[in-house]
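Asker: Sequences are here, hints too, so could you generate the full structure?
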Amino acid sequence: MYTFKQNIKNICFALIAIGIVAIGYGFYSASASHYSDVEIKEKVKELYYELKSSKKAKDKSSDKKQYDSHSEKGHHAETYKFSNLFHAIEKELHCHFSQEEIKNAHTLEEVIYTTKHYFHAQKQRPWSSLFVSNLFFLMISLGGLVWLAVQYISQSGWSASLLRIPQAVSSFLPFGGAIMLFIIITGALHWHHTYHWMDSALTYEYVYEDSVGTDDPQYTDEKVEGVVKNKKYDYIIDGKTAYLNIPFFTLRSIIYLLGWCLVAFLLRKYSLNEDKEGGVKWHNKMFTLSAIFIVFAAITTSTGAWDWIMSIDTHWFSTLFGWYSFASFFVSACAVIAIITIHLKYSGYLDNVNENHMHDFGRYLLAFSIFWTYLWFAQYMLIWYSNIPEEVTYYAIRFESYHILIIIALLLNFVTPMLLIQDRAAKRLKGQVLFVAILILLGHFIDVFVMIMPGTVGTHWHLGFVEIGTFLGYIGFFTFIVLNTLSKAPLSQKNHPMLIESEHHHI
6 MYTFKQNIKN
16 ICFALIAIGI
26 VAIGYGFYSA
36 SASHYSDVEI
46 KEKVKELYYE
56 LKSSKKAKDK
66 SSDKKQYDSH
76 SEKGHHAETY
86 KFSNLFHAIE
96 KELHCHFSQE
106 EIKNAHTLEE
116 VIYTTKHYFH
126 AQKQRPWSSL
136 FVSNLFFLMI
146 SLGGLVWLAV
156 QYISQSGWSA
166 SLLRIPQAVS
176 SFLPFGGAIM
186 LFIIITGALH
196 WHHTYHWMDS
206 ALTYEYVYED
216 SVGTDDPQYT
226 DEKVEGVVKN
236 KKYDYIIDGK
246 TAYLNIPFFT
256 LRSIIYLLGW
266 CLVAFLLRKY
276 SLNEDKEGGV
286 KWHNKMFTLS
296 AIFIVFAAIT
306 TSTGAWDWIM
316 SIDTHWFSTL
326 FGWYSFASFF
336 VSACAVIAII
346 TIHLKYSGYL
356 DNVNENHMHD
366 FGRYLLAFSI
376 FWTYLWFAQY
386 MLIWYSNIPE
396 EVTYYAIRFE
406 SYHILIIIAL
416 LLNFVTPMLL
426 IQDRAAKRLK
436 GQVLFVAILI
446 LLGHFIDVFV
456 MIMPGTVGTH
466 WHLGFVEIGT
476 FLGYIGFFTF
486 IVLNTLSKAP
496 LSQKNHPMLI
506 ESEHHHI
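Residue numbers (my numbering): 6 to 512.
These aren't lab readings, by the way, just hints derived from the structure by calculation.
Note that this is a predicted model, so its numbers are computed, not measured.
Cβ coordinates follow ideal geometry from the N, Cα and C atoms, glycine included.
One or more hints might be untrue.
DEER-style ranges, computed between Cβ atoms [what the hints assert, rightly or not]:
(1) Ser216 to Tyr248: 24 to 30 Å
(2) Tyr30 to Ile251: 28 to 34 Å
(3) Asn489 to His111: 55 to 61 Å
(4) Thr324 to Glu55: 48 to 54 Å
Capping the alpha-carbon separation at 27 Å, the derived lysine-lysine pairs in DSS-like fashion look like this [unchecked claim]:
(5) Lys499 to Lys290
(6) Lys236 to Lys290
(7) Lys46 to Lys57
(8) Lys435 to Lys499
(9) Lys350 to Lys50
(10) Lys14 to Lys237
(11) Lys96 to Lys46
(12) Lys57 to Lys286
(13) Lys228 to Lys286
(14) Lys57 to Lys14
(15) Lys435 to Lys14
(16) Lys48 to Lys236
(17) Lys108 to Lys46
(18) Lys48 to Lys96
(19) Lys108 to Lys96
(20) Lys350 to Lys46
Answerer: Pasting the structure below:
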């Protein structure tokens with residue numbers, strides 16, 4: 006039996022505390038520095054007219070040329086005028102704009118929109134941080150369950166003594182799933198804007214004129230008396246409402262999570278029953294359940310990726326995205342299982358685990374790192390080559406504002422395993438496999454970060470205390486759940502029919 010030591014518990018609690026403080030600070034900062042849309046509009050207009058009428062600006066011929074209505078209003082003049090306005094907004098409202106945002110604003114309305122977007126992004130920041138970390142560990146937990154099912158379906162012998170580890174990894178599913186539903190429900194209540202398609206204003210073509218500018222605009226699809234064109238209307242999102250609507254979206258999410266949690270519970274239950282009763286009855290049940298689950302997982306990991314990740318960038322789509330995201334989560338789960346196995350080995354458990362088991366973990370990590378890279382390149386190359394506007398928008402913002410993170414992710418997720426564990430001897434070293442597994446985990450967290458953040462906070466992203474603290478909090482939370490589950494049952498299944506093969510595994 007594994008003993009969950011108090012010092013490890015204390016580390017988990019400390020990390021959880023850091024996470025709570027980080028996410029709490031994020032919400033506090035977002036609320037303290039947030040302005041309403043009306044306040045932003047009024048303040049930007051006030052600054053605009055102050056600049057326009059200032060004596061200093063009038064005295065300078067270059068500035069006079071900007072504000073004189075009879076002067077030339079060329080592109081460079083407009084850019085200069087609004088760059089001054091942006092600088093004034095930054096100073097007054099304590100915010101920051103990218104050069105691209107300043108360059109792309111050519112009217113006062115566009116400046117107001119850009120300023121609103123900045124403060125919306127700041128308000129969204131803690132929600133996005135929570136979402137990224139929760140999704141990452143939720144899908145690692147699911148990846149552990151898939152890994153467990155694969156061992157049963159393939160009748161794998163080498164891993165028979167290690168199956169309690171992926172069982173423990175999958176025990177996080179109910180916790181991550183509950184938080185995922187919380188994020189979805191609060192999004193439906195418009196507490197945050199992770200899924201901007203949830204805004205019903207985007208799906209109505211008209212708005213009643215007398216309700217424009219009020220707190221509760223009235224929308225309609227019918228062109229009747231008293232209506233005007235709805236400026237927020239998005240015909241692409243409107244065309245997807247049969248699939249992307251809150252009730253159906255929530256129902257699908259509940260089905261995914263309940264299905265995954267049920268399979269995790271049953272596989273754990275059958276495994277414990279096998280310990281008590283012996284024979285092959287429960288092993289055969291686990292084989293059958295795993296075969297059914299793999300089909301369910303193949304469907305729900307794809308549709309789940311479409312729903313939870315791809316729908317954030319609602320205009321964008323990729324037929325490869327389900328496989329690409331699954332590869333990211335599965336190799337992360339393999340890394341976690343390897344890390345826990347090595348931790349247990351270093352702690353004096355799993356006496357029968359040897360360099361041959363490490364070799365197999367190394368092969369998993371290398372194979373699925375290459376698979377992830379292949380899918381990453383295939384998706385990018387096809388979109389780049391076809392150059393279709395609704396597809397390239399996904400990569401445009403990422404290569405503009407997140408290019409450093411993309412490079413780091415590629416280095417950690419592909420170059421590192423290729424260099425460090427391609428050799429047979431390297432795969433058989435616990436320290437080497439542990440080091441690579443940790444780097445792969447960090448790399449795929451960055452990958453998930455780049456999947457989520459551009460569609461939720463745009464160019465106004467941070468990788469600061471809120472994001473790192475939330476991630477550390479989830480490491481503590483996830484580790485506590487997994488190790489606590491490990492301590493509840495023997496580390497090796499007593500009556501697994503292939504246990505002897507695992508104990509004498511040799512490559």
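Asker: A separate judgement is required for each hint: does it hold in the structure or not?
Answerer: Cross-check of the supplied hints:
Distance hint for Ser216 and Tyr248: a CB-CB separation of about 29 Å, consistent with the stated range 24 to 30 Å. Distance hint for Tyr30 and Ile251: a CB-CB separation of about 30 Å, consistent with the stated range 28 to 34 Å. At about 57 Å, the beta-carbon gap between Asn489 and His111 stays in the expected band of 55 to 61 Å. Checked against the hint of 48 to 54 Å, the pair Thr324 and Glu55 passes, with Cβ atoms roughly 52 Å apart.
As the CA atoms of Lys499 and Lys290 are separated by approximately 17 Å, the hinted pair is consistent with the 27 Å bound. Taking the CA atoms of Lys236 and Lys290, the gap is about 57 Å. The hint is violated against a cut of 27 Å. Proximity of Lys46 to Lys57 is assessed by CA-CA distance (about 16 Å); at most 27 Å being required, the pair is judged to hold. Distance restraint check for Lys435 and Lys499: the Cα-Cα separation of roughly 25 Å lies within the 27 Å cut-off, and the hinted pair is therefore satisfied.
Only pairs whose Cα atoms come within 27 Å are accepted, and Lys350 paired with Lys50 is rejected, the gap being roughly 65 Å. With a C-alpha separation of about 50 Å, the suggested pair Lys14 and Lys237 falls outside the 27 Å cut-off, and the hint is violated. Straight-line distance between C-alpha atoms of Lys96 and Lys46 comes to about 16 Å, which keeps the hinted pair within the 27 Å bound. A C-alpha spacing of about 83 Å is found between Lys57 and Lys286, which places the hinted pair above 27 Å, so the restraint is violated.
For the suggested pair Lys228 and Lys286, the alpha carbons sit about 66 Å apart, so the restraint of at most 27 Å is broken. Note on Lys57 and Lys14: the hinted pairing is violated, with a Cα-Cα distance of about 61 Å set against a maximum of 27 Å. About 24 Å separates the Cα atoms of Lys435 and Lys14, which keeps this hinted pair within 27 Å; it holds. At most 27 Å may separate the alpha-carbon atoms for a hinted pair to count; Lys48 and Lys236 meet this at roughly 22 Å.
At roughly 20 Å between alpha-carbon atoms, Lys108 and Lys46 fall within 27 Å of each other, so this suggested pair holds. At roughly 12 Å between alpha-carbon atoms, Lys48 and Lys96 fall within 27 Å of each other, so this suggested pair holds. Taking the CA atoms of Lys108 and Lys96, the gap is near 18 Å; set against the 27 Å cutoff, the hint holds. Between Lys350 and Lys46, the direct Cα distance comes to roughly 61 Å. Violation of the 27 Å bound is thereby established for this hinted pair.
The structure does not agree with the numbered hints 6, 9, 10, 12, 13, 14, 20 stated previously, though it agrees with the rest.
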